[in-house]
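**Q** One letter stands for each residue in the lines below.
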Amino acid sequence: MRDDQLRSTYEGWVRDYAADLFRAAARLCGQRDVAEELVQETFYEAWRSVRSLHDIARARMWLLTILRRRYARWVRDETRKPRNNRSLETDCKRIGGTADGSAGELLDQLDELQAALNVLDDRYKLPFLLVFLEGMTCEQTARFLDLPLGTVLSRIHRARTRLRMSLAPHEQPAATLKLHRSNDEPSDGPNIGLGGAS
Amino acid sequence: MNSASTPPSPDDLDRRMGEAAALSPEHPLRQAVVREVVTLGADVERRWLDLLRADEQLRLELARVNPPPGLHDRLLAIPDDVRPRAWWRSPGRLAIGIAAMVLFSIGVVLFVPEVAPAPGAGKNLGRVAVLTATSATSASPTQPRPQAMEVNSSDWAKVVEALDDRAPFRLARPALRGDARLLGASLATLDDHPVLVSLWTDGNRTFPVYQYRAGDFGISGPVERTIMCPMEAAGHPRMRCRVILWSDANGDYALVLDVGDLPDDQLPA
Numbered sequence: 044m045r046d047d048q049l050r051s052t053y054e055g056w057v058r059d060y061a062a063d064l065f066r067a068a069a070r071l072c073g074q075r076d077v078a079e080e081l082v083q084e085t086f087y088e089a090w091r092s093v094r095s096l097h098d099i100a101r102a103r104m105w106l107l108t109i110l111r112r113r114y115a116r117w118v119r120d121e122t123r124k125p126r127n128n129r130s131l132e133t134d135c136k137r138i139g140g141t142a143d144g145s146a147g148e149l150l151d152q153l154d155e156l157q158a159a160l161n162v163l164d165d166r167y168k169l170p171f172l173l174v175f176l177e178g179m180t181c182e183q184t185a186r187f188l189d190l191p192l193g194t195v196l197s198r199i200h201r202a203r204t205r206l207r208m209s210l211a212p213h214e215q216p217a218a219t220l221k222l223h224r225s226n227d228e229p230s231d232g233p234n235i236g237l238g239g240a241s
Numbered sequence: 331m332n333s334a335s336t337p338p339s340p341d342d343l344d345r346r347m348g349e350a351a352a353l354s355p356e357h358p359l360r361q362a363v364v365r366e367v368v369t370l371g372a373d374v375e376r377r378w379l380d381l382l383r384a385d386e387q388l389r390l391e392l393a394r395v396n397p398p399p400g401l402h403d404r405l406l407a408i409p410d411d412v413r414p415r416a417w418w419r420s421p422g423r424l425a426i427g428i429a430a431m432v433l434f435s436i437g438v439v440l441f442v443p444e445v446a447p448a449p450g451a452g453k454n455l456g457r458v459a460v461l462t463a464t465s466a467t468s469a470s471p472t473q474p475r476p477q478a479m480e481v482n483s484s485d486w487a488k489v490v491e492a493l494d495d496r497a498p499f500r501l502a503r504p505a506l507r508g509d510a511r512l513l514g515a516s517l518a519t520l521d522d523h524p525v526l527v528s529l530w531t532d533g534n535r536t537f538p539v540y541q542y543r544a545g546d547f548g549i550s551g552p553v554e555r556t557i558m559c560p561m562e563a564a565g566h567p568r569m570r571c572r573v574i575l576w577s578d579a580n581g582d583y584a585l586v587l588d589v590g591d592l593p594d595d596q597l598p599a
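Protein chains in written order, with my numbering: chain H, 44 to 241; chain L, 331 to 599.
Quick caveat, the hints were computed from the structure, so don't treat them as lab data. Honestly, I wouldn't trust all of these hints.
Stated by the list, open to error - Restraint-style ranges between C-beta atoms, simulated for each label pair: (1) H/R119 - L/A393: 22 to 32 Å; (2) H/T108 - L/V364: 28 to 38 Å; (3) L/D380 - H/D120: 39 to 49 Å; (4) H/E80 - L/D380: 31 to 41 Å; (5) H/T52 - L/S483: 42 to 52 Å; (6) H/E54 - L/P398: 10 to 20 Å; (7) H/R103 - L/R389: 33 to 43 Å.
To be verified - Partial list, derived from the structure: chain H residues whose beta carbon lies under 8 Å from chain L: (8) R45; (9) Q48; (10) E54; (11) F65; (12) R66.
Stated by the list, open to error - Reference listing, derived: stretches of chain L covered by chain H, where coverage requires no fewer than 3 residues with Cβ under 8 Å from a Cβ of chain H: (13) 383-393; (14) 396-404.
Only a predicted model underlies this, so the values are computations on that prediction, with no experimental measurement involved. Cβ atoms here follow ideal geometry from the backbone N, Cα and C, with glycine treated the same way.
Bound-form chain L, shown alone (with noise of 0.2 Å):
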């Protein structure tokens, strides 16, 4: 806005009483234009009302339009002809899925030749640590940032509330270590298969935990806490990160953590 002491031009004043036009009437640039006007005198406030009754001319003339006879019928019967996709099956989710799945078989290709598994773990826990892997780290379009989480929330119960009844799974709160606090969580899926990524922070880092099912990845029985670094031994030295593993009573997990040099007692699970 102008200051006060020096008369604006006509050409800034148009343009300016032409934006505060399209504003809502309590709005402060609005309001101050107003009080601008009144100051200049009859002919600039006649100006002012002239804009507005011509704005409110052009929205009725606008408005102007009926849609088609039978538009409605047409729309109503819809239904009637396609399903619904399933939730994990739109378009944005099919991209993210197709993307984790090209990631996933370059990390397969590079990681399975190099590294076995950990005892015990067997092939197809490696193929959900380089699955977590590429899926969390910077790199990848799929990766869990808070802005992106479905439910943003520290409380375990919305998230609950608000993803239950899309899950084909429990949702359960996996147990970690310290004072790990939830950010947030999403559904989503890993190969198809349907997750849950929780986000957390422990002050310093923030992670992410996916909670899956063991069956849909061919892993029989609960998980041993196991941990992989499948990026770091894909040849990857600047996407160093941990895949720590394990089974509980109420559910799978996989915890993906960006640098792999914590001690082992000070990771988060």
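Chain H extracted, bound-state conformation (with noise of 0.2 Å):
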């Protein structure tokens, strides 16, 4: 593809999936500001790589996992650091919050959202949040994650099991689930190969 081809095609990319990036990435460290960092990141390198795609309809999935590798390197430079307590939302109160009347109640509730995303090990976390914010398919995220689609399944169930069980105080409709820890996996902390079965 000729130069101009390429930065048209590139901002494509930009108009349709900046948002979604950064909502994911967002989600993922619960910063904004390193959420940021990390889509700018991301497209830098996907624009620098550009003519490595060989198939422009994968873009999306190639975006992904640029971020999905920026991200690891990200968890891994701060485990070396001590813990940044500051989150998504308490950032989004720090520049502003939202324009309507009920943000505050909006905002608190979003925190406890993000304080349990937060918690949560990323071998759960990645593949709940591509399937419930990026929308993918339980089989698409097996196969971006190169998991089977039991363990995907299973640990999306565990995902939001843990997340409910956060967020069980604020959650009246859901209070008829059976929320329990008996099944739970120990721990182990961030798992950003995603390589074995849970």
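Can you join these two chains into the complex? Each is in its own frame, and there are hints to help.
**A** The following block contains the structure:
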């Protein structure tokens, strides 16, 4: 492709995928400023390597793969630093939050969700966010993470269960669900490789 | 799934409902759970519906993140500052190139002092033989494999269609003997020079053919058909291979065979 065609393709990716990637990055790392950096690094790498993408139809998956790698690197670097407790929605408030009057309550509620995501092991968080936030099917997620479908399903179920346990005081409709820890696996820390079965 | 004859335990049912709810509505596993749910009474149906509603609520709440103002503009400005890498300079290809260079260096150290090039072939032809052989043997990370090919097709026209605009030379189908069938092809580098690797099978063996430009490797003029055994000579008895080098009107080629004891009339080139 000529340079102007490459640029046009790249601009299409920014238009179509930047917001989605930012949401995914923000929910993964829990910090808006870090998410912004991850997305910028992702698009920088995508532009630098744009000639190596042979199937334009796979651009979204390719961008998600780059983002996942950048996130894994950030997690690795972050484990060497003191824990940063500033959450995504705390940052939202710091920069002014949303415009409507219910922002305070909404942010408080969202803060709980992000806090719950922040302590969720990446083995569970990644497949959960790919399905619930990115809209991928479980089969696509299994291929993306190179996991069996059954493993993806059980990890999503565990992610959901743990999130609801964390959010239980706020959650009325799902109260009829039995929420318990008896089947939970012991957390063994971030596992960005996601290579093994659950 | 549980058999219909034994009622599922609440924990097991919750787990299966939780897993099924993540699947798309048309997925057979989810449909099976739905069919099971309707047989288990109103309470279980309500739990299923609560689960679906709670999932939708989670989706909504997860999506409530707005990109920061100006992010789009900053992303759109990236091409102003940097240029895309040339296709052969991407990190993956660079790593493959470095690995090939290391293997080549080892091969040269082992091969050059011990093997005299075939008559008339010259030192540079030996270099092509070592490069292609080290790249093609199973010990090499760059070994051509069907699943690693950019184009997986037995149709040469598709190879040309997909790769011709990125290749710095005209891609030409190598003239092979017998019933060799194309498996796929990919652009690659050998010692930083662009080559086309095509993978072929004759039913018994799979072998790569490298199309290269003789001038890139300091070889002047067309190459007469020459057979070299670089790995065997380099002291790697388990990597015995033969490299057949030749030129025709369309290009310069190197074919690497893993086994070196075939009679000449049975060679594919």
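**Q** Would you pick out the hints that fail for this structure and give their numbers low to high?
**A** 5, 7, 8, 9
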